[in-house]
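Novice: For reference, the chains in residue letters:
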Amino acid sequence: MEGEEEVIIDVSGFDARFRDEIAAEPGGENIRRCFSCGTCSAGCPVGGVTEKYNPRRIVHMALLGMREQVLNSDFVWLCSVCYTCYERCPQDVRIPELMTAIRNIAVREGHIPRTFQVQIETLRAHGRLYEIGDYDNERRAEHGLPPIREEVEEVRCILERVAVGEGEP
Amino acid sequence: MTRYALYLGCTVPVRGMHYEIAARRVSERLGVELVDVDGFACCGFPARPLDWRTGLLMAARNLALAEAQGLDILTLCSACTGTLTEAAHRIREDAELHAWINEQLAAVGRRYTGGVRVRHFARMLYEEVGLERLRAAVTVDLSAFGFAPHYGCHYLKPSHLYDHFDDPENPRSLDQLIEATGARVVRYEDEAQCCGGGILGFDEETALSVTRQKLEHVCAAKADGLVLICPFCAVMYEANQRRVESLYRVDYRLPVLYYPQLLGLAMGFSPEEVGMKLNRVKPLGLIEVLRGQGEGETR
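As given, the protein sequences belong to chains A and B, one line each in that order. Each residue of the first sequence is one higher than the one before, starting from 1 at the first, in this note's numbering. Each residue of the second sequence is one higher than the one before, starting from 170 at the first, in this note's numbering.
Some clues are possibly wrong.
Chain B stretches covered by chain A per the calculated footprint, using a threshold of three residues with CB under 8 angstroms from any CB of chain A [claimed, not checked]:
hint, stretch
1, 184–196
2, 203–209
3, 214–228
4, 287–299
5, 361–374
6, 377–390
7, 398–411
Everything labelled a hint here was simulated from the structure, so no lab data went into it. Glycine residues also receive a C-beta, built at the ideal position from the N, C-alpha and C atoms.
Build the full structure now, drawing on both the sequences and the hints.
Specialist: Encoded structure:
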C-alpha cells in the first residue's frame, strides 16, 4: 500500500560507522552508552511542546546508522542546550554536547541553518551578536554606562582560521 | 576588596542595560570593583553549533584578555558563564588542547596560561559577598512583595562545571538571594523550565511556546514579578512577552526584574537608579511603595 511504503525505512542505506564518526567528534564520545531509557525525552522542555524534537529518537537513529536522515534533519537544531537531560542521563551520554557534535558534522557537509549562518556573519562584522555603533554608545552614555569598542579584527581572524560557515571547504 | 573583570557579552550592553546599570550600582555599594576590559568580544557560544573548536577559541581569547590584566571574570549572562567556564575547564584538563589553543591564539597576539576563574554575578553575591552582608545592606521593607525566581539553565548546569555549588534539580541560591532583600519567594509550577531562548532564532514558534509555559505558571501563582539573572532569559520573558500575549491571546503584564535591580531597590536606590526605565512592564505596586517610603524618609 502507498501509505505503508512511506513509513517503511530502507535499512540498506544505513551507515553502521556513523556512531563511530560521532564518537570521534568532541562531545560525541559517549553516544554508544545510550540504552534508550528515554529520561532525556521525558524531561525535555522542547519535546514538551513539540513532537518535532525527541532526543531519544535522534540518538537511536544515530546509533542505527541513519546518517543522512540525521544530518539532513531540522530536529538536531532544536535542542535548546538547557542541560536538563545532561544532568539526568543515567549513562552520561551528554546529549547537548552530542547534538553539538552532530551539528558540527552536518555543517561540514553543508547543512547550516540560515539563522546560524547569519550569526556567524554578524560575528565576523562586529565581533559580537549585536552591533554596537555610535548610536548604541550614545544610549549607553545616557544611562551612565561606559562605551564599548567592537573587537572585529581578532574575532575575524579566529573565525577565518577554522573557515566555518563559508560553504564548501 | 573584590576585583573582577566585568564580562558583558553580546546581549547585556545592548538589550540588557538595566541589568548592567543595577549590577554596577550594587557592586559599588558592596565593595566589589568591576574593571572594564577593552577588547572583550563574543564568548563563542553562537559559534559552537557550527564548529566547537571555534567557540572554544573565542572563549579562550576572552580568558587571555582577563589574564593579561591579572583578573578573574565576572559574568552577567548565564550562557557566557557556561561557555567561558567550560573553556577554562577543558583547557586546564587537556594539555594537548591547551597547546593547540595557544598556537591559534598566537595569530592574534594572545596567549592563555590558564587559571582564570569565571563567576556568575549571582554566584559571586551568594558566595563572596554573602547573604549576611546583603541583608545588612537592605534599607527598604519589601516584605509585602513576592517574586518568582527563574534560575535559567547555564547558571547551574552542567553542575560539574560549577563545582556543584547549587543543586540543579532543587536550587536554593536565587531563592536565598531574593529572601535576603526581604521579599518573599513565590513557588510556581515547573520552576526549572528553560526559557526557550536557545532555539528562538531557529524556530520562533516552538521557542515562544516554551516561554509561554513559565509566564502562565508564574501568573497563576500571583507573583509580583519574575526575578532572573540572564539577559537572554529576559529577552524571552520580557522583550517577547507582548509577542507571546498576542500569539496566544492572553494578558500577562508580568514585571520581569533582574536580581540586581531588586537588590538595588532593597538597598534604597531609586527605580531610576537601577534602570527601571528600561523595564517593559513596570512593577507598579513596588514602585509606589518605594516612592512612599522614600518620601517619608528624605523628602
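Novice: Compare the structure with each hint and give your call.
Specialist: Against the structure, the hints come out as follows:
Here the stretch 184–196 of chain B counts 5 residues with a CB under 8 angstroms from a CB of chain A, which clears the bar of 3, and the coverage holds. Evaluation of the coverage hint for the stretch 203–209 of chain B: fulfilled, as 4 residues show C-beta separations to chain A shorter than 8 angstroms, against a requirement of three. Counting residues of the stretch 214–228 of chain B whose CB falls under 8 angstroms from any CB of chain A gives 11; the rule of at least 3 is met. Evaluation of the coverage hint for the stretch 287–299 of chain B: breached, as 0 residues show C-beta separations to chain A shorter than 8 angstroms, against a requirement of three.
Three residues within the 8 angstroms Cβ limit are the bar, and the stretch 361–374 of chain B against chain A gives 10, so the coverage statement holds. Using a Cβ-Cβ cut-off of 8 angstroms, 3 residues of the stretch 377–390 of chain B lie near chain A, which meets the minimum of three, so the contact claim holds. Three residues within the 8 angstroms Cβ limit are the bar, and the stretch 398–411 of chain B against chain A gives 0, so the coverage statement is violated.
Checked against the numbered hints above, the structure violates hints 4 and 7; every other hint is satisfied.
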